[in-house]
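Undergrad: Letter by letter, the chains look like this.
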Amino acid sequence: MNNTKNTEAERLNFMEKLYLPEIAKGLGLTMKYMFKPKFTRQYPEERFEPTGSYRGRPVLVDTTGGERCVACGLCSRVCPALAIEVQASETEREKERYPVKFEINMLRCIFCGFCEEVCPEEAIVMSKEYDIVFTSQEEAILGKEDLLVPEEQLQDRLEYLAEYK
Amino acid sequence: MPEIGWILVEAGVKAVFIVILILSAAAVSVYAERRVSAIIQLRLGPNRVGPFGLLQPIADVFKLFWKEDVVPKAADMGFHRLAPVISLGIAIAVYAVIPFAHYIEIGGTKYYFGIAPNVNIGLLYILAMTSVSVYGITLAGWSSNNKYSLFGGLRSSAQMISYELSMGLSLIGVLMITGTLSLNEIVLQQSGWGWNVFVQPLGFIIFLVSSFAETNRTPFDLPEAEPELVGGFNTEYSGMKFGMFFLAEYANMATASAFIVLVYFGGWQIPFDIGLGAGSIALALVQFAWFLAKVIFFILFFIWVRWTVPRFRYDQLMNLGWKVLLPLAILNIVITGVWIMIFG
Chain B
1 MNNTKNTEAE
11 RLNFMEKLYL
21 PEIAKGLGLT
31 MKYMFKPKFT
41 RQYPEERFEP
51 TGSYRGRPVL
61 VDTTGGERCV
71 ACGLCSRVCP
81 ALAIEVQASE
91 TEREKERYPV
101 KFEINMLRCI
111 FCGFCEEVCP
121 EEAIVMSKEY
131 DIVFTSQEEA
141 ILGKEDLLVP
151 EEQLQDRLEY
161 LAEYK
Chain E
1 MPEIGWILVE
11 AGVKAVFIVI
21 LILSAAAVSV
31 YAERRVSAII
41 QLRLGPNRVG
51 PFGLLQPIAD
61 VFKLFWKEDV
71 VPKAADMGFH
81 RLAPVISLGI
91 AIAVYAVIPF
101 AHYIEIGGTK
111 YYFGIAPNVN
121 IGLLYILAMT
131 SVSVYGITLA
141 GWSSNNKYSL
151 FGGLRSSAQM
161 ISYELSMGLS
171 LIGVLMITGT
181 LSLNEIVLQQ
191 SGWGWNVFVQ
201 PLGFIIFLVS
211 SFAETNRTPF
221 DLPEAEPELV
231 GGFNTEYSGM
241 KFGMFFLAEY
251 ANMATASAFI
261 VLVYFGGWQI
271 PFDIGLGAGS
281 IALALVQFAW
291 FLAKVIFFIL
301 FFIWVRWTVP
311 RFRYDQLMNL
321 GWKVLLPLAI
331 LNIVITGVWI
341 MIFG
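Just so you know, the sequences run in chain order B and E. Going by my numbering, the first sequence opens with residue 1, and the numbers climb by one from there. Going by my numbering, the second sequence opens with residue 1, and the numbers climb by one from there.
Some hints here could point you the wrong way.
What the hints assert, rightly or not - DSS-like cross-link-like pairs, simulated, lysine-lysine; straight-line CA separation at most 30 Å:
(1) E/Lys110 to E/Lys294
(2) B/Lys101 to B/Lys165
(3) B/Lys144 to B/Lys128
(4) E/Lys73 to B/Lys17
(5) E/Lys14 to E/Lys294
(6) B/Lys25 to B/Lys36
(7) B/Lys128 to B/Lys38
(8) E/Lys73 to E/Lys14
(9) E/Lys294 to B/Lys36
(10) B/Lys38 to E/Lys73
(11) B/Lys32 to E/Lys294
(12) E/Lys110 to E/Lys14
(13) B/Lys38 to E/Lys63
(14) E/Lys63 to E/Lys147
(15) E/Lys147 to E/Lys73
(16) E/Lys323 to B/Lys25
(17) B/Lys101 to B/Lys128
(18) B/Lys25 to B/Lys38
(19) E/Lys294 to B/Lys25
(20) E/Lys73 to E/Lys63
(21) B/Lys17 to B/Lys38
Unchecked claim - Derived coverage of chain B by chain E (criterion: at least 3 residues anywhere in the stretch with Cβ under 8 Å from a Cβ of chain E; other residues may be distant):
(22) 18-28
(23) 33-43
Just so you know, these hints were derived from the structure itself, not from any lab. Glycine included, every Cβ here is placed at the ideal spot set by N, Cα and C.
Using the sequences plus the hints, can you model the full thing?
TA: Structural data, given as structure tokens:
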């Protein structure tokens, strides 16, 4: 746009230069906004319910036959923040490898979801949990017992992964 | 006890009431500010402390009391301490002459609502006191030994000079009509709907705009312009010293609102006859409520404007003060003078 009117005096017409009518207009606008519905979500009472595409706290899928994880260590390998530690061992079951130790340091985790993406067994997925609170650094390192979540609770995410991964 | 003693006792009791009233009004208007700003911005604002968040001001003040009071090493200690005291002290001192209602008569003695509402220089006293309050801000800016604070202080004094003039001149129109400086007298002359705002609309607008500048409220809050000056004059203040500036700002807002109501909107005068005898306690309380309602309206108006209008640039402010408001104020005086000459 070729605007040759450079100074304030040139840009404004007489009514605008009087300021007051424009200020009254503005006051009218803010008054209108006072009666509009509010956007605030009152958090602890009204919670945000994420959809399947949400990347919350990473968890291990717990099926009826124990965890799906075979302790291949790919997640720990791909983790850019070095948050995951896996130690494998063997069992008598059909899937003979399982993790004796599976730790995620939630102070390191950046919720990138690479672990989930790289996992060949769909054993580690991102949950919907987003209010993750710790009172000490030790507490932030989640062991296997904290990470295992029943498969039923993760249905949304598993369906999402089935469709898009 | 001699009579002067009783007068002092009466004034003292009133002073205690008024100081409590002003400080709680300031605290409540902080709550109102946060709530109004929130609903304008489609938020809810503080609603957790107490019912509807009404106890939020108490929590705020309590927090300020427990905060560490950090003073810069190179600050001028004496003035750094004095500045918030001046600000808040002056803001409260103004109320000495403000009549909250007319009077109650007990046993033939008239007790006026206000410490000295009948003093014959009331208007002048308020103007003088509000001008002195700029010292608090300027001293705060200077004694902090911080360039942003100093800028804030300087801006405040420059702003004061440009607006005090048009404010005083716009009041002269009212003075020419009423012929008195006593606030109670001015209020009495506006009985019924004979409010000065209908007689002096131009003067009222000038006075209103100047009041915004006087109280350092947006669009004229240049002394504390956060984006450019960090916090302006109160950058180096923390804890209750900052709290005193904060309360002073809101007390000043209440003062300006009360001043506007007294001079232009009929003060405590009830515009219709409600059938209560003059001097009765009931009438005085109704007058007080009526006065308070108008003051609250103007406080809300101040808040409403703050969340509507952006801050003026420094040169725009000076232009408005000297090139627009001052000539208009003089014009107002001339028109009033001619009007009185022809019709008075």
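Undergrad: For each hint given before, does the structure comply? Return the numbers of the non-compliant ones in rising order.
TA: Result: hints 4, 8, 10, 21 break, sorted rising.
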